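2 protein chains.
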Amino acid sequence: MKGFKTLTPIPEAQRVFIAAVAHTPSEVSVPTPQAVGLYAARDVVSPVDVPPFDRAAFDGYAVRSADTLGASRTNPVMLRVVGKALPGAEFGNAVGSGEAVEVATGAPLPAGADAVVPYEEAARRGEYIEVYKSVPQFYYVSRRGEDVAAGDAVLRRGRRIKPWDVGVLASIGVREVAVYKITAGLISTGDELVELGEAPPPPGKIINSTRHVITALLRDLGVEVHYLGIVPDDEEAIYMAVADAASRFDIVITTGGVSVGEPDHVVRAVSRLGPEVLIHGIAARPGRPNSAAVVQGKPVVMLSGFPVASIVGFDVFVKPAVHKMVGAKEEPLPTVKAVLTRRVTTPINVRSYIRVRVYRQGDKLYADPLAVTGSGILSTLTKGNGLLIVPENREGYDENDEVEVILLSPVES
Amino acid sequence: MKGFKTLTPIPEAQRVFIAAVAHTPSEVSVPTPQAVGLYAARDVVSPVDVPPFDRAAFDGYAVRSADTLGASRTNPVMLRVVGKALPGAEFGNAVGSGEAVEVATGAPLPAGADAVVPYEEAARRGEYIEVYKSVPQFYYVSRRGEDVAAGDAVLRRGRRIKPWDVGVLASIGVREVAVYKITAGLISTGDELVELGEAPPPPGKIINSTRHVITALLRDLGVEVHYLGIVPDDEEAIYMAVADAASRFDIVITTGGVSVGEPDHVVRAVSRLGPEVLIHGIAARPGRPNSAAVVQGKPVVMLSGFPVASIVGFDVFVKPAVHKMVGAKEEPLPTVKAVLTRRVTTPINVRSYIRVRVYRQGDKLYADPLAVTGSGILSTLTKGNGLLIVPENREGYDENDEVEVILLSPVES
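Residue numbers (the working numbering), protein chains in the order written: chain A, 104 to 516; chain B, 104 to 516.
Simulated from the structure, these hints should not be mistaken for laboratory data.
Take the hints with a grain of salt, since some may be wrong.
For chains that are exact copies, the list does not tell them apart, and a pair is met inside one copy or across any two.
What the hints assert, rightly or not - Heads up, simulated BS3-like pairs for lysine-lysine below, C-alpha to C-alpha not over 25 Å straight-line:
hint	residue 1	residue 2
1	K284	K427
2	K440	K236
3	K427	K486
4	K440	K467
5	K440	K486
6	K486	K432
7	K308	K236
8	K187	K308
Fair warning: this is a prediction, and the values are worked out from it, not measured in the lab.
When you get a sec, could you build the whole thing from the sequences and use the hints?
This is the structure we're talking about:
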């Protein structure tokens, strides 16, 4: 077991933790339209060509391109219109030399034709059209297999499935797709907690709000959440709950009961499970108590009980662990450059997360750091709309510095 | 009725369309934990203070700050430890002058105390502690109402509810929240379409993949989708289907059957509904046939049947219409600056959407434009991971230009 006696810098904590994660969630098959937001468990190769036939890519006239050679406004080529081809039906006859067939976008290209002259480049003269442009072969034709050729990989293992991926899978007739079913066992700890319910909490108690934040973040990440209730601040009870969860779920997440002093039952309980890696605390502010372990290849993340600090721990440990298990990369986050309105001072060798309010004035963006005193200041995330991460090698930023901010909500005006 | 005979530039199309949207979806109450991703229908004001009591923000000793005046490593102050306060319980006694109570993070601050000395700044000597630091009032104390004060607005109408908003709402005991229930009636048109099913499509037919792309995009936007099936390319049938949908849903979306030529049944059918605004085609590439109308204040968006073009129409018309109806702003998109690897040529006065593959080489990002010939080239969205939007006033970009790209999937390495 590799242990840490002191707060671990985030990059080192992530490297050691992620390297030890060696569990793969199980694979399930889901109907393609329901796969959005899940992670592909296998490469998918197309069995067919898309489109399955050459088709018109514009409204106009299907022609033999050779017939239009030399056509221009001053010297149009006359072609005889022999019919009309609509989407959804095969045109019965072939287009001969000197002939044209009116086509709507999406219609199969009639046999004999090899290009489409758009309406704009032609004019109808009774049974004939005048063509004003010399069109090359396959002009405004979507060719068979142009979008996807049989044998092309259309989805790679680990990709988080997007709306347009579902479009491609549907196009090639893939009705079900293999995805990872990622399950999380979520355990709240803390004698001070009561669940959100009818009555206001009794004196000394607070509502378990972190549970709902972490549940929502897990769902956003494509993880199925199994909430296992509030476990008392008791090492034995926590040990039992975590051991049970680790046997049933792909990732175990606890909230609360981690700190540098007492009652720190959770880290002690998890250490009894014989973890390959145990990281106790990280150099983050807020978020210092966030801890993580790997038990038989499975990630066990011990988040702070404070909502804001727990979000930091989620980003540091939970997201990368889930991505590692399914072979995914982290999705990009929206960022903007903004001018800092006040100086921000942070400790060296610690990664600091500063909540800011980003607003537009004129054509410039400004980031106003929100005054906070503790890790429980969740409301800064609803008052603010951005996050400024100050790296370990800086002691903050000066007023008027241009900083990069992660946008969590729209910019204000 | 305001009509357009020619392709409308996107900014003008959006301005006229959005100005006419005057419908508001109905309000429903949902349990707070299920509200993530939905839009608040009302401001929510906190009935209580959070935290509801002063509490320790660090592990250590609760003290009277005045007692620590002048304390230092060389000249520590001695205090007698009279007990221990844990989270979830009220400490029975008060802290007197010269006394301290051991506290865990989250514990209610015992009466009499007004600051916390962290373990690091003290040492236990039997019944006593030596305090090494002079702490100010409320040092490491989370004050009552510090996070949220009674009367504070914690959620504004129109805000798309985030995981941390749910945390704040739960903290203040809000069990249900008023959100907009936004419903979309989705109609596919096109005689060439068959649904994704057991058998491969017969000759001349293609699978209705755009339906699934648009459904997924609507769900991502927090909209409830009611799919109304494939309507034949027949003006009367489309008129009936759209009229029915407009009476039942907040937004009506059709796919297919819009183009600058025939068969353009959809725009004709919608124009019979007497729209306040009708925009027939936009200056977009791809996406030119995307059209939109407003019928009795409700948005009716007529998307291209081609998947990629339909995504452009979705961004141009559907997203802003939904945001207008619920008073929301557009959520920020992830963007990066990248070096273009090849010249891109686009028509002037048209907004062009170029799919690119963004990859990292060294510490620079590059954007490789994907070769495409038509609006059906959905696979560029699975092969690519970014979108380069060329504005109306440009005819493209040169090789090696630094461009801003919208990231749709992670950067490749």
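How the hints compare with the structure:
1. K284 <-> K427: within (14 Å within a copy, 36 Å between copies)
2. K440 <-> K236: Intra 48 Å, inter 39 Å, cutoff 25 Å: neither.
3. K427 <-> K486: between (33 Å within a copy, 22 Å between copies)
4. K440 <-> K467: For K440 and K467, the Cα distance is within 25 Å both inside one copy (9 Å) and across copies (18 Å).
5. K440 <-> K486: within (19 Å within a copy, 29 Å between copies)
6. K486 <-> K432: between (30 Å within a copy, 15 Å between copies)
7. K308 <-> K236: neither (79 Å within a copy, 30 Å between copies)
8. K187 <-> K308: between (76 Å within a copy, 17 Å between copies)
This entry does not satisfy hints 2, 7, going by the numbered hints stated previously.
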